[in-house]
Amino acid sequence: MEPSKTEIVVLGAGPGGYAAAFYAADRGKKVILVEQNPRLGGVCLNAGCIPSKALLHATEILREAKDSAARGIEFGAPKIDLDKLRTWKDSILDKLGQGIKGLAQKRGVQLVHGRGHFEDSQTLRVETADGQKFIAYDTAIIAVGSKAAMPSAFDLGNKRIMTSTEALEIQDVPGDLLVVGGGYIGMELGTVYAALGSKVVVLEVLPSILTGIDPDLVRPVSRFAQKAFKEIRLNTKVLKMATAGKRIKVTIQLAGEQREELYDRVLVSVGRMPNISNIGLEHTKVTKDDKGFIKCNARQQTDDPHIYAIGDAGGGVLLAHRASKQARITVEAILGEPSVFENIVIPAVVFTQPEIAWCGLTESEAKQKGIEVKVAKFLWGASGRALTLDRPDGLTKLIVEPETERILGVGIVGSGAGELISEGVLAVEMGATVRDIADSVHPHPTLSETLMEAAEVFYGTATHTLSKPQA
Amino acid sequence: MDVKLPQLAEGVESGTAVAILVAEGQEIKKDQPIMELETQKAVGSIPAPASGIVTKIHVKEGMEISVGQLLITIREAGGETAASPPAGAPPPVEQRAPEASPRRQPESREAPTLSHHYQSSSGAPPPAAPSIRKLARDLDIDLTRVKGSEAGGRIVLEDLRAYIRGLQQIADAGLTAQSMAASSAAPRREAEDFSKWGAVRREKMSALRRTVSRRMVESWTTIPKINQFDDADITALLALRKKHAPAYQKKGAHLTLTSFLLITVARALVKHPRANASVDEGAGEIVFKDYRHIGVAVDTEAGLIVPVLRDVDKKNLFDISRDLGAITEKTRQRKISLEELQGGTFAISNQGSIGGGHFTPIIYSPQVAILGVGQGSPKPVVVDGKIAIRTLLPLCLSYDHRVLDGGDAVRFLREIIAGLKSFAEDDVIIN
Chain L
1 MEPSKTEIVV
11 LGAGPGGYAA
21 AFYAADRGKK
31 VILVEQNPRL
41 GGVCLNAGCI
51 PSKALLHATE
61 ILREAKDSAA
71 RGIEFGAPKI
81 DLDKLRTWKD
91 SILDKLGQGI
101 KGLAQKRGVQ
111 LVHGRGHFED
121 SQTLRVETAD
131 GQKFIAYDTA
141 IIAVGSKAAM
151 PSAFDLGNKR
161 IMTSTEALEI
171 QDVPGDLLVV
181 GGGYIGMELG
191 TVYAALGSKV
201 VVLEVLPSIL
211 TGIDPDLVRP
221 VSRFAQKAFK
231 EIRLNTKVLK
241 MATAGKRIKV
251 TIQLAGEQRE
261 ELYDRVLVSV
271 GRMPNISNIG
281 LEHTKVTKDD
291 KGFIKCNARQ
301 QTDDPHIYAI
311 GDAGGGVLLA
321 HRASKQARIT
331 VEAILGEPSV
341 FENIVIPAVV
351 FTQPEIAWCG
361 LTESEAKQKG
371 IEVKVAKFLW
381 GASGRALTLD
391 RPDGLTKLIV
401 EPETERILGV
411 GIVGSGAGEL
421 ISEGVLAVEM
431 GATVRDIADS
441 VHPHPTLSET
451 LMEAAEVFYG
461 TATHTLSKPQ
471 A
Chain R
1 MDVKLPQLAE
11 GVESGTAVAI
21 LVAEGQEIKK
31 DQPIMELETQ
41 KAVGSIPAPA
51 SGIVTKIHVK
61 EGMEISVGQL
71 LITIREAGGE
81 TAASPPAGAP
91 PPVEQRAPEA
101 SPRRQPESRE
111 APTLSHHYQS
121 SSGAPPPAAP
131 SIRKLARDLD
141 IDLTRVKGSE
151 AGGRIVLEDL
161 RAYIRGLQQI
171 ADAGLTAQSM
181 AASSAAPRRE
191 AEDFSKWGAV
201 RREKMSALRR
211 TVSRRMVESW
221 TTIPKINQFD
231 DADITALLAL
241 RKKHAPAYQK
251 KGAHLTLTSF
261 LLITVARALV
271 KHPRANASVD
281 EGAGEIVFKD
291 YRHIGVAVDT
301 EAGLIVPVLR
311 DVDKKNLFDI
321 SRDLGAITEK
331 TRQRKISLEE
341 LQGGTFAISN
351 QGSIGGGHFT
361 PIIYSPQVAI
371 LGVGQGSPKP
381 VVVDGKIAIR
391 TLLPLCLSYD
401 HRVLDGGDAV
411 RFLREIIAGL
421 KSFAEDDVII
431 N
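Protein chains in written order, with the numbering used here: chain L, 1 to 471; chain R, 1 to 431.
Watch out, some of these pointers could steer you wrong.
Here are the computed distance ranges between Cβ atoms for each label pair [stated by the list, open to error]: (1) R:Trp197 x L:Pro305: 21 to 27 Å; (2) R:Asp138 x L:Lys240: 37 to 43 Å; (3) L:Arg219 x R:Ser66: 40 to 46 Å; (4) L:Gly28 x R:Val156: 30 to 36 Å; (5) R:Glu76 x L:Asp289: 31 to 37 Å; (6) R:Glu61 x L:Asp289: 30 to 36 Å; (7) R:Gly62 x L:Pro207: 30 to 36 Å.
Listed below are the simulated SDA-like cross-link pairs for lysine to any residue, each with C-alpha atoms no more than 25 Å apart in a straight line [to be verified]: (8) L:Lys374 x R:Ala129; (9) L:Lys227 x L:Leu262; (10) R:Lys196 x L:Phe293; (11) L:Lys285 x R:Glu27; (12) L:Lys230 x L:Leu56; (13) R:Lys204 x L:Lys199; (14) L:Lys374 x L:Pro469; (15) L:Lys237 x L:Leu262; (16) R:Lys314 x R:Ile430; (17) L:Lys295 x R:Lys314; (18) R:Lys134 x L:Lys285; (19) L:Lys325 x R:Val156; (20) R:Lys134 x L:Gln301; (21) L:Lys199 x L:Ser222.
Per the computed footprint, the stretches of chain R lying under chain L, defined by three or more beta-carbons under 8 Å from a beta-carbon of chain L, are [what the hints assert, rightly or not]: (22) 119-125; (23) 136-143; (24) 149-162.
It is worth saying that the hints were derived from the structure and are not from the lab.
The model shown is predicted, which means the values in this text are computed figures rather than measured ones.
Here a beta-carbon is modelled for each residue, glycine too, at the ideal position from N, C-alpha and C.
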């Protein structure tokens, strides 16, 4: 069969893949986009960012309603219709998936549905519903994403042991839910289930939840979780899981002591792995790094000159917006432009209660690398807006290069931190100084003022607090 | 007392602190080096202006420091801390009214410092908006070379323009455009992974190493050079040295072959002024210098440093020997000042004490010639139709063909050889 020819083939239609395909098409390239899932959008849209945020928003109301009693407004007991909740969530995914499809068609990006498999460095075989199709291309962009890791010891084939993908389907509200892994996925989904009424226990093998994030940003989240969850157990390991009728028997090790407990469901959120084991990479020159992700350089090029890799498949921090940025850099690299994925600020947001967001250099990283910084912190207890929202549990901080007063990083914890961090991204990308932020008027009363106040803290002249920066 | 960065040398306004050599609370002596500073000209140390105890260090390694900037505070032995004029420098010329720097302002944008090199304590790249960074990337301009004029050193479009304008001025002037390109703009070779072939060890290039490397590349890529080999018969000269060395020793000077070379070369330079000149390609002129300041390559633990002996042609052999000994020692101890490394008109690289025959030294731009000297050794030579054993000194004159032609060079080198061969005893005797 004669293969169809194209300049660029993109394997995987997630936020990396479709961004690459669209941008390449916008820049005049002939593009084929290959996706095995009938709905476009990748993990982000189908089993990640979007459904989890839909559920977090929907269930947040439950907590708000409860808290509202203290403010003099009481509601009756909520009625939860899981099917309706799921349908609403899925309708969002369908809408967005259709949107991507429409955008692809309008750009002339050809969509091929099916599993892609490399035959050699310049040929992709796709198993479609209508049989095999071959695509001969000049350049391929691998954007196949990642999936939740399920250690074989826990993989009993029992539906009650879930990864985030299954947990997002909300089959039921388990009475007792065990979350294995206190990373951001476990904490976010734990929050959803706790709001719906599950007694949530989080087990974390490390001495802290949300490891890697500055401890002062994690603290409000820990405090919230200690109230909302049944328990958070640190330094704890799961040794074994077994089916026990309709429940799961979990053997855990805590402080040298073994214990057996029964749960209705278990969510395993212990990390993610790339979807690259079955795509024929062995027929190309693509190699993997020591963590099993595709190895690529700062221009996203793999060891195979015809193949680039972006997003989760290439490892690093697994974030949709990072994949989208890499997509643009890849297309520019293919066009011969000097673009590189270097010195690019990639913000991160954890959608816990409250949210955590940061960008650029973190305080922990500065400490670890021995970079001398000054940190200016503003506690939200002094923010009028935070108090009117009944959310004083927040903190905004600036990480500053002392001699130039340049802002190297921003960290925020608090309600809506994810929406606030972009000002920090702009500041770091622009090489802004603390003075630049302090002198930019922020509207009152908003949470965005906390950035300006933090900047004033740096100079010891903040209006609403008396604190000084820390060296 | 507050120690500030003194005026280093003409035209040098700032430098990068590459090493702080004292610690807070440390007791230091006058003239003890307190820090090493790299400027576009050289790496040199800053001596303490007084003895005392360091109470505060105000600068950090890697920082760009300007003349007059506060370096350290010393509590002087028996005295209280008080402000004093900058270290090792005469008091400020005059305390003039606010219009203090009328000269520098237009300069900053019109003629950008092309030697600028951004370094931050955090290791962050130079501050610039993404749009500016993209523009620089597209133009293949390394932003660490561009001086930012905004708050915190942020680079804006105007700074990029000024930098490019500066590059064009240099290109127009036909000066060292090539070397600029070679050392900065050219894309760096991708680092090779040597560990593939066996164990490796990596060592940071010192500021001195980097300076040497930059200057050598500049010389190599800009100067059309020729190497002229010859030998000098120094049999008689060695005898003279042997005879008079003890007298020199008694008066605290070491009579070395380099002293003889210095005086001989300086006299030859008087007769052959082109070898003592420089090129000003921008002006289309050759600059003849009425002084003979000769640089002597000194092999130090840290690497090659070339201190300069002033007015060598006006000195006698004893003075030269004494000055050479002093400056060499100072260089080895890294106490040499920036001033003492500058202004050379010619250079001598004598490897004789280590060994080796002919070699081709690299011209120390903007000088136009350098003499490379190997080790003298006994050789059979035909003298008056008979074979005799004479000590021959291997010489190589490397010279810039833009200024010197082959004839000039050979005549100059023969002059040196003749001078060494029949060195007058009168010139050795201390009077």
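Each hint tested on the structure:
1. The hinted window of 21 to 27 Å between Trp197 of chain R and Pro305 of chain L holds, with their beta carbons roughly 23 Å apart.
2. Under the hint 37 to 43 Å, the C-beta atoms of Asp138 of chain R and Lys240 of chain L, about 57 Å apart, miss the expected range.
3. Restraint check, Arg219 of chain L to Ser66 of chain R: a C-beta distance of roughly 43 Å satisfies the suggested window 40 to 46 Å.
4. Checked against the hint of 30 to 36 Å, the C-beta distance between Gly28 of chain L and Val156 of chain R comes to roughly 32 Å, which is consistent with it.
5. Our hint of 31 to 37 Å for Glu76 of chain R and Asp289 of chain L is violated, since their Cβ atoms are close to 58 Å apart.
6. Hint check: Glu61 of chain R to Asp289 of chain L, Cβ distance near 34 Å, so the stated range 30 to 36 Å holds.
7. Taking the beta carbon of each, Gly62 of chain R and Pro207 of chain L are about 35 Å apart, inside 30 to 36 Å as hinted.
8. Between Lys374 of chain L and Ala129 of chain R, the direct Cα distance comes to roughly 22 Å. Compliance with the 25 Å bound is thereby established for this hinted pair.
9. Simply put, Lys227 of chain L and Leu262 of chain L have alpha-carbon atoms about 22 Å apart, close enough for the 25 Å limit, and the pair holds.
10. As the CA atoms of Lys196 of chain R and Phe293 of chain L are separated by approximately 21 Å, the hinted pair is consistent with the 25 Å bound.
11. With a C-alpha separation of about 62 Å, the suggested pair Lys285 of chain L and Glu27 of chain R falls outside the 25 Å cut-off, and the hint is violated.
12. For the given pair, Lys230 of chain L sits about 18 Å from Leu56 of chain L by alpha-carbon distance, which is consistent with the 25 Å threshold.
13. This hinted pair does not check out: Lys204 of chain R and Lys199 of chain L have alpha carbons roughly 56 Å apart, beyond 25 Å.
14. Straight-line distance between C-alpha atoms of Lys374 of chain L and Pro469 of chain L comes to about 6 Å, which keeps the hinted pair within the 25 Å bound.
15. At roughly 15 Å between alpha-carbon atoms, Lys237 of chain L and Leu262 of chain L fall within 25 Å of each other, so this suggested pair holds.
16. With a C-alpha separation of about 15 Å, the suggested pairing of Lys314 of chain R with Ile430 of chain R holds against the 25 Å cut-off.
17. A threshold of 25 Å between alpha carbons decides the hint, and for Lys295 of chain L with Lys314 of chain R the separation of about 67 Å lies outside it, so the pair is violated.
18. For the hint linking Lys134 of chain R to Lys285 of chain L, the alpha-carbon distance of about 31 Å lies beyond 25 Å, and the restraint is violated.
19. Restraint check: the Cα-Cα separation between Lys325 of chain L and Val156 of chain R comes to about 24 Å, which is no more than 25 Å; the hinted pair holds.
20. Between the alpha carbons of Lys134 of chain R and Gln301 of chain L the distance comes to roughly 19 Å, so the proposed pair stays at or under 25 Å and holds.
21. With a C-alpha separation of about 16 Å, the suggested pair Lys199 of chain L and Ser222 of chain L falls inside the 25 Å cut-off, and the hint holds.
22. Interface restraint, the region 119-125 of chain R with chain L: holds (6 residues with C-beta to C-beta distance below 8 Å; minimum three).
23. By the rule of at least three residues with a Cβ nearer than 8 Å to a Cβ of chain L, the coverage given for the region 136-143 of chain R holds, with 3 such residues.
24. Coverage of the region 149-162 of chain R by chain L holds [criterion: at least 3 residues with CB-CB distance below 8 Å; count 5].
Going down the numbered hints, you'll see the structure goes against 2, 5, 11, 13, 17 and 18, while the others check out.
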